[in-house]
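Student: Its first residue numbered 516, the sequence shown is counted upward by one per residue in the numbering used here.
Treat the hints as calculated values from the structure; they're not laboratory data. Treat each hint with caution, since some may be false.
Derived DSS-like pairs: lysine-lysine, alpha-carbon spacing no greater than 25 angstroms straight-line [what the hints assert, rightly or not]:
hint	residue 1	residue 2
1	Lys606	Lys694
2	Lys696	Lys606
3	Lys633	Lys565
Just the calculated beta-carbon pair ranges, DEER-fashion [said to hold, decoys possible]:
hint	residue 1	residue 2	range
4	Ala669	Arg540	35 to 45 angstroms
5	Ala669	Ala575	13 to 23 angstroms
6	Arg518	Glu617	22 to 32 angstroms
7	Arg540	Gly746	42 to 52 angstroms
8	Ser560	Leu538	12 to 22 angstroms
9	Glu542	Glu617	45 to 55 angstroms
10	Ala576	Ala602	17 to 27 angstroms
11	Gln524	Gln594	18 to 28 angstroms
Ideal Cβ positions, reconstructed from N, Cα and C, are used throughout, including at glycine.
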Amino acid sequence: DARLPAFMQYLDSLVARATNASLGRWEGFWSSEASYSAVAHGATSDIVDKVAYLLANPVAAGLVRTGREWPGLWTAPEQLGTATITAPRPKNFFSPTGDMPESVELALSMPLGFASAKEFQDAVTAALHDLEEETRRDFAAAGRGFLGRLRVLAQNPFTRPAPGEPRRHLSPRVAGRDKWKRIEALSRLLGFLRAYRAAWAAMRAGLRDVIFPAGTYLLRIQHGVRCAAPG
């Protein structure tokens with residue numbers, strides 16, 4: 516229903532409360548510095564890069580030598596676009612007599628732009644292999660090792676990182692290696708912002724039949740403004 520921000524808020528809220536309940540915590544779970552942001556990707560290769568980057572995170576953090584060794588939630592490339600994951604309702608936080616189902620299924624769908632799930636899986640597998648190999652080379656050159664699966668599992672969830680974490684990075688709206696595709700995406704974003712501001716000004720001036728551009732979210736959800744159909 517084109518309500519991705521509301522879905523993410525609901526999902527993240529449940530994850531935070533359920534995880535805090537399982538750990539006996541009450542504090543904030545997610546960082547409050549950055550707000551929700553849906554980043555547009557310029558090409559299918561950028562989607563592959565982002566998925567591989569996500570799956571390589573445990574390796575890049577120096578925790579395990581390969582993503583497959585990560586003891587937590589991790590999606591194997593061969594699952595992408597084909598697998599369906601069945602998740603049972605957690606025993607903590609959720610009431611056994613509540614309205615949440617006993618289990619739900621999550622189908623791992625394939626993004627647009629690929630001829631088949633196999634093509635997408637192979638591209639992610641190759642990109643992930645390159646990222647993991649690069650990290651292992653960099654660690655070896657720096658004389659660093661990996662924590663390892665067993666020591667990851669032995670970590671105290673209440674420990675905190677050392678101070679000095681970098682802050683106030685850029686929060687991009689568009690991601691992509693191809694310069695011209697980034698320019699094209701940014702031009703579309705600029706066009707949206709100009710159309711939105713023009714429609715907003717017209718509505719503030721008293722016009723009630725204003726058409727807002729496709730992609731308008733809050734005014735559509737909370738105030739029922741009319742929006743153009745997606746192009």
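Student: Now look at each hint and say whether the structure bears it out.
Tutor: Verification of the hints:
1. Distance check on the hinted pair: Lys606 and Lys694 sit about 48 angstroms apart at the alpha-carbon level, beyond 25 angstroms; violated.
2. Using a Cα cut-off of 25 angstroms, the hinted pair Lys696 and Lys606 is violated, with the two alpha carbons roughly 46 angstroms apart.
3. Our distance criterion of 25 angstroms between C-alpha atoms is met by Lys633 and Lys565, whose separation comes to about 18 angstroms.
4. Under the hint 35 to 45 angstroms, the C-beta atoms of Ala669 and Arg540, about 19 angstroms apart, miss the expected range.
5. Taken as a hint, the range 13 to 23 angstroms holds for the pair Ala669 and Ala575, whose Cβ atoms sit roughly 21 angstroms apart.
6. Between Arg518 and Glu617, the C-beta spacing of about 25 angstroms keeps the proposed range 22 to 32 angstroms intact.
7. At about 45 angstroms, the beta-carbon gap between Arg540 and Gly746 stays in the expected band of 42 to 52 angstroms.
8. The beta-carbon spacing between Ser560 and Leu538, approximately 39 angstroms, falls outside the hinted interval of 12 to 22 angstroms.
9. The hinted window of 45 to 55 angstroms between Glu542 and Glu617 is violated, with their beta carbons roughly 30 angstroms apart.
10. Range check, Ala576 to Ala602: Cβ separation about 25 angstroms, and the 17 to 27 angstroms hint holds.
11. Hint check: Gln524 to Gln594, Cβ distance near 27 angstroms, so the stated range 18 to 28 angstroms holds.
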